[in-house]
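S.K.: When you get a sec, could you build the whole thing from the sequences and use the hints?
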Amino acid sequence: MELNVRNESKIVEIWLTKAEKQDARLQKELKLVYESFHEVGYTVATFLSGDQDLADTTSDLVCYNRKRIAQLEVEREKKQGLAMSM
4 MELNVRNESK IVEIWLTKAE KQDARLQKEL KLVYESFHEV GYTVATFLSG DQDLADTTSD
64 LVCYNRKRIA QLEVEREKKQ GLAMSM
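Residue numbers for the sequence shown follow the numbering used here, beginning at 4 and rising by one.
The set of hints was computed from the structure by calculation and includes no laboratory data. Any given hint could turn out to be false.
[As the list claims (entries may be wrong)] Pairs of lysine-lysine residues, derived as DSS-like cross-links and limited to a Cα-Cα distance of at most 30 Å, are as follows:
1) K13 - K34
2) K21 - K34
3) K81 - K70
[Unchecked claim] What follows is a set of in silico ranges between Cβ atoms, one per label pair, in the way DEER data are often shown:
4) K21 - S62: 12 to 22 Å
5) H41 - Q74: 18 to 28 Å
6) K34 - E5: 12 to 22 Å
Everything numeric in this text was worked out from a predicted model, so none of it was measured. Cβ coordinates follow ideal geometry from the N, Cα and C atoms, glycine included.
M.R.: What follows is the structure, given as structure tokens:
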């Protein structure tokens with residue numbers, strides 16, 4: 004488990020591995036951590052390790068974003084073309 008306290012923004016980040024996110028004892032301890040930080044006005048964000056391959060998932064996301072950007076550019080160019088022809 005990794006715990007990062009960002010005092011300037013009153014945010015606490017908790018990073019858990021696959022094994023840690025399934026540990027019942029750790030989950031009980033985390034409830035106490037959440038409560039103690041909440042009492043002093045902090046927001047707690049917990050990040051859980053996923054089950055998918057990071058490289059494959061990231062590659063899929065990059066490909067999707069590139070395709071979406073290209074679609075938006077085509078739409079923008081079509082709108083500009085229509086505006087110029089009027």
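S.K.: Regarding the pair K81 and K70, is the alpha-carbon distance no greater than 30 Å?
M.R.: 17 Å, holds
S.K.: Are K21 and K34 close enough, with their CA atoms no more than 30 Å apart?
M.R.: The given pair, whose Cα atoms are some 18 Å apart, holds under the 30 Å limit.
S.K.: For the pair K21 and S62, does the Cβ-Cβ distance stay inside 12 to 22 Å?
M.R.: For S62 against K21, whose Cβ atoms are near 21 Å apart, the range 12 to 22 Å holds.
S.K.: Take the C-beta atom of K34 and the C-beta atom of E5, compute their distance, and say whether it sits inside 12 to 22 Å.
M.R.: 18 Å, holds
S.K.: Just to be sure I understand the hint, the distance between the Cβ atoms of H41 and Q74 should be within 18 to 28 Å; is that true here?
M.R.: Given about 43 Å between the Cβ atoms, the range is violated.
S.K.: Given the hint that K13 pairs with K34, does the C-alpha gap stay at or below 30 Å?
M.R.: 18 Å, holds
When held up to the earlier numbered hints, the structure conflicts with hint 5 and nothing else.
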